[in-house]
Amino acid sequence: MKKLLCMLLTAAALLSLCVAPAMAEDAAEINMFIASPEYADAVNELIAAYKEVAPNVTINYETTQNDYPTLLKTRINAGMTPDIFSTTSGKEIADYAEYSYNFASEPAAQAMDPAVAAMMAYGDGEIHGFALKGNYFGMLYNKAIFEEVGIEFPKTLDEFEAACEKLTEAGYQPVTTGFAEWWVFKHVMQHFLDAATDDPAALVAAFQKGEAHFADYPELYDNFFRFIDLCVKYGDNKPLETDLAGEDSAFGVGKAAMMIGQGAWVEADVLAIDDALQIGFAGYPVCDDPAKSQIIGGSDQALRINKDSANLQAVLDFVNWWYTSDYGKAWFCDVAGVIPPVTDAKVADMQIIKQGAELSQTDGAAALSICYSSDSFNQAMGEAIQAYIGGSIDKDACCAQIEAKWVELDGPAA
Amino acid sequence: MDKRPMSPMDRKALKDTLLFTLPAVVMVLIAIYIPFVMSGYYSLTEWNGISRNPQFIGLANFKTIFSSGSPEFVNALVFTFKYSILFIILSNVIALALAVALTRKFRLANFLRGMFFLPYIMSMTIVGFIWKFIFTQGFEKLYELTGWGVWNLSWLGDGRLAFFSLVLVGTWQSLGFYIVLYIAGLQAIPTEVLEAASIDGANGSQRFFKVVLPLLGPSITTCMFMSLTNSLKVFDIILALTKGGPGGATYSATLDIYREAFQNNNYGLGSAKAIVFFVIVLILTQVVLKVFESREVKQ
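One line per chain: the protein sequences are D and Y, in this order.
Here my numbering runs 6 ahead of the position in the first sequence, where the first position is 1.
Here my numbering runs 580 ahead of the position in the second sequence, where the first position is 1.
Bound conformation, chain D alone (with noise of 0.2 Å):
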């Protein structure tokens, strides 16, 4: 008995010892660990379809719904870079450029739409990051109401406040605010922070500095706060404590009439809850011009390549591949459903993407100016607007309190 098991064993390692070096042969795993788990079977396809393309290579996907920003530092500091892993884009581009790779001479890079681009971009022209989709940012609201209510969708904060109102009346609760997650401020604010200035990098830059003051800008000082007010006061009964699931479904089963600190994402999720949901997509009534309600659109999530990487070609064919073939390209819009991060791709067949795309082109759209402050600070700003809300501080204690969290957090000394 035992005679055989060794003779087996022999055999098998024998046997592995003649494969091995024919398999070796240009075959390459590429480690792919990237937040974004939505879109995970996505990826699974187009993972298959370049196995494909390239038989040899391995792609090992891993994506994780929680706390993706923990665990990336983690494999990091254990000396297990992935190959490709995620970062927001703007800020955070710098902090982990000494672990990303500059591909700007790839086609890929030169495949990204500019709007995308301008967000992964780091230093002298460098290209630190591609995306895997689009996005745009905005209010959404239930086209059906607002018709039988017979009010357009309001531009200015006095129609804004008119038609809450008018909603109210009709028997229907104006907004859904999702106050409950930090994250929906900074959605809301950067609106009000592209609104106050022609350049919001400046401005934020300034603010990081603590050269710049919430007091001397209406638009934030003011418009924001009013805005805020006006969604608490017309919006959920407990507005602490709804949060994105909450605002899915009041908006979903036709209870509110306008949703804030979404965009495209969620079209999915409402549609589930009612698929013959008719929904209207715009930018925010910021102050008295109709002009500045605009939508934002641009990425705001980066892929990166780790410069390191063992098999560095392989990863590079591999993003070029998913850029530019025609598989690559009409991936985003059939499979996986989201904005295109590339020119010259189609454009998905769903409401928030068609409107976005159309307002872009007539109305423009705005900088996507959250991504000039870390999240580190965007949670801070959003406690402190919850802390307001709540009625522990008042505006003023709030402003203070975003202004000193700018510098902390972001400023030149973080």
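None of these hints come from the bench; they were simulated from the model.
Straight-line alpha carbon distances no greater than 27 Å define the calculated BS3-like cross-link-like pairs of lysine-lysine that follow:
1) Y:Lys790 - Y:Lys870
2) D:Lys261 - D:Lys149
3) Y:Lys643 - D:Lys215
4) D:Lys79 - Y:Lys823
5) D:Lys79 - Y:Lys813
6) Y:Lys721 - D:Lys239
7) D:Lys239 - D:Lys149
8) D:Lys335 - D:Lys57
9) D:Lys97 - Y:Lys823
10) D:Lys261 - Y:Lys721
11) D:Lys401 - Y:Lys823
12) D:Lys239 - Y:Lys823
13) D:Lys57 - D:Lys352
14) Y:Lys870 - Y:Lys662
15) D:Lys97 - D:Lys215
Please arrange chain Y on chain D, whose structure you already have, making use of the hints.
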């Protein structure tokens, strides 16, 4: 220790002991002591948790903590102590009362013991999500059905109420554990003592407060110690229920450390906070342990 030379038997026993504890020792070293020493080092550095080279800055992080540079940490500590006090009182009193009830002989006693223990074997995160659903959707439905104002309060959306919600859920979840400890203690009390007390004319409450409670000393010490350390370490339930919100009103010390290290990318400062908190917990638990042990009745 006697000084006779080790017999082969003894030597074998020693070898066995070493051999069998080795895997556990290695695991504990890897999972607890080595990271502990490492975070001790990181607390002396300025490091964002990402870059390759932590920068050694000596005790500057500790200076930041103690020179009022960290009001959030102080708030979190206050929150943690408030939570701990309420949690310890509630979980011990309720668990003791239930344990006394469940040691009586009645038909559903065993079934009820199981029911009370059930939440304890569930993951805290799951418990958190279940209760989040109850607090938001469940309470809303109850309000529609009954019209009682209490259901319409924002139990997770109001900073002060959220505190009580957390204590409530935390207590509910861990109650089973303390009940089991108290039941074991109650069953260890010799019946002769209780009978003697009855013959001497002690009534029910006298028997409980003058005989049972003092004899439960070791159980009470254990439960106090366990509930103290568990409540000081409270983390997952808050993460699942409020994430420290609304408006940062429910940050515990551990959650604040996590936020500092992983969200604010100040791994060094976070480690320093962790060390400070460790010292506080160490002192507190030792004091509590000593106080309760000294009051135990020696049987």
